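Per my numbering, the very first residue in the sequence shown carries number 748; after that it's consecutive.
Keep in mind the hints are simulated off the structure, nothing from the lab.
Only a predicted model underlies this, so the values are computations on that prediction, with no experimental measurement involved.
Heads up, some of the hints might be wrong.
[Stated by the list, open to error] Here are the simulated DSSO-like cross-link-like pairs (lysine-lysine), alpha carbons at most 30 Å apart as the crow flies: (1) Lys792 with Lys909; (2) Lys787 with Lys909; (3) Lys787 with Lys847; (4) Lys909 with Lys759; (5) Lys787 with Lys759; (6) Lys759 with Lys792; (7) Lys847 with Lys792.
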Amino acid sequence: MTKRLYLVRHAKTEERSMDMRDFDRELTSRGMQDSTHLGKYYATKSMIPDLILSSDAARARETAELIASQMGYDLSRIHLNHEIYEASVRTLFQLVTQLKDEWDSVMIVGHNPVMNYLAEYLSGAEIGHMFTGSAACIAFEVESWSEVSQSSGTLEEYVIAKHLES
748 MTKRLYLVRH AKTEERSMDM RDFDRELTSR GMQDSTHLGK YYATKSMIPD LILSSDAARA
808 RETAELIASQ MGYDLSRIHL NHEIYEASVR TLFQLVTQLK DEWDSVMIVG HNPVMNYLAE
868 YLSGAEIGHM FTGSAACIAF EVESWSEVSQ SSGTLEEYVI AKHLES
């Protein structure tokens, strides 16, 4: 059986400022457009994940919601998880290996550098720098998420939203 993990880096955000917490930074208009393009792209591939997990930071939540809305995914089913906001690779890896086996495809929306590191750790592929508004799809030939381990997945696709046509 194939399980697919979609690791999404949130889309482009407002610049950091002294009067705004990093956690509260929102998407720019470009970020909203890129998130919408990613969602449309996955909708054309009939990809609707069984679960969407997202950091609860504003920019990640907005990215997840815009992608989900384009795919016809019920926004109330998006699971916001504060641990994803400043997670280590170990934390996210544990989250992946503890996913319910009934879910065959899961999307996690989070932040760099951990999304990049996790994608490379799980697939053994060299992605380099994950751009804002990009997604790595990693496939695992496993029955259970608990069987996922370092380099056990195959990087099926790396998509950068700004390279997609509207």
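Broken hints, numbered, in rising order? none
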